[in-house]
Amino acid sequence: MSAKSSIALIGPGAIGTTVAAALHEVGRTPVICGRTAHAQLTLRTDDGQVVVPGPVLTNPSEVKQPFSLVFVAVKTTQMAATAPWLSALCDENTVVCALQNGVEQKTQFAEYLPGVAVLPSVVWFPAQREPDYSVWLRAKPRLTLPETPHTAVVLAALEGTRCEVDVAADFTTIAWRKLLQNAVAGLMVLSGRRAGMFTRPDITALAYAYLRECLQVARAEGAQLSDEVPAEIVARFQNAPADLGTSILADRVAGQTLEWDIRNGVIQRYGRVHGIPTPISDVIVPLLAAGSDGPG
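Residue numbering for the sequence shown follows the UniProt record's numbering, beginning at 1 and increasing consecutively.
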C-alpha cells in the first residue's frame, strides 16, 4: 500500500472494478479493499481491457493511514461486514462516495461513520462480473452526484477519466428515477429471465402497473417525475440487449442475499408512511424476501 495514495475503494465487484479501472487509466490507482485476494482486476470493454494492478487488501489492519476519498461499492447487505474497513480508511476529513443502489445511502452509513461526509450517487452503467472474475462493461460509465460542498472531491478524482460525472441540483428526483428502474428489475428475479422478457405484452403491462405504483410513492417523497417515466423505463429494458441482466438477478442465480429491501421493500415501506396503497409491492416484496432469506 502506497503512503502517497489518497483514494481507496471498498468492494472490487462490477461497479468497483469499473471505477478502479477509470482511476487507474489516468494514474490515480486507488488502494483496493475487499473480501477476496486478487492479484489484479480486469475490466473488459468493446475497445479492449484495462488491468488494474493489485493486490486487493483483505485485512483492515493493513491500512496505516486514513484516505481523503473512499469509494464504497459493496452491496447494502454487506454494510456490517464493511464496518472494519470504514473505521480503518476514514476519519473526520474523509469524503465517502457511496456507489450503491437505493435512496437511503446516507442513512445506511450513519451508523458506521458518524461525523464523516457521505456523498450518495446514482450509478448509470451496466457492468457484470464474468466467470473468470473479470468485469464486462457494456456501456459508457456515468455517475450522478448531488450538489454539495463535498462533491468537488469526487469531481477532481474522476476528472479526465472514462467515467462521466453529472451534478444534479435536484438529486432526489434523479435518485428516485433510478430506484424505479431498479425496482422493476426485481421482476427479472421472480421470472429468472433477463431484459428480453420485457418485450412480452403481459410483462409490459405488469411493469407499467408496478411503476405507476412506485411513481406515486416517489412523488410523495419529493421526486418531480412525470407520467411518462414508466414508459421510458420499460422502453429502456425493451431496447436493451435481450441477455442483459442486473445485479440482483446475478445474486439470485448465485444463491446470495438479495438487496430486496432497498430496491423494492422501500416502495412498500414509504407507501405505508404516506398512506399510499401498494398492492403490487405487497405481492412482489414477500416473494423477493423469501427468495433471499428463506426459510425453505
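To be clear, the hints were calculated from the coordinates, so they are not data collected in a lab.
Small disclaimer: the values here were computed from a predicted structure and weren't measured.
Just to be clear, a hint being listed does not mean it is correct.
Said to hold, decoys possible - Pairwise CB distance ranges (calculated): (1) Val283 x Glu159: 21 to 31 Å; (2) Asp166 x Glu130: 21 to 31 Å; (3) Arg35 x Arg272: 44 to 54 Å; (4) Val51 x Lys140: 13 to 23 Å; (5) Ala81 x Ala220: 13 to 23 Å; (6) Pro201 x Pro84: 28 to 38 Å; (7) Asp282 x Val51: 18 to 28 Å; (8) Gln65 x Pro201: 49 to 59 Å; (9) Gly222 x Ala81: 42 to 52 Å; (10) Arg35 x Thr107: 16 to 26 Å; (11) Thr107 x Asp227: 26 to 36 Å; (12) Glu147 x Gln40: 45 to 55 Å.
From the three backbone atoms N, C-alpha and C, an ideal C-beta is built for every residue, glycine too.
Unsatisfied constraints (hint numbers, rising): 1, 3, 5, 6, 7, 9 and 12
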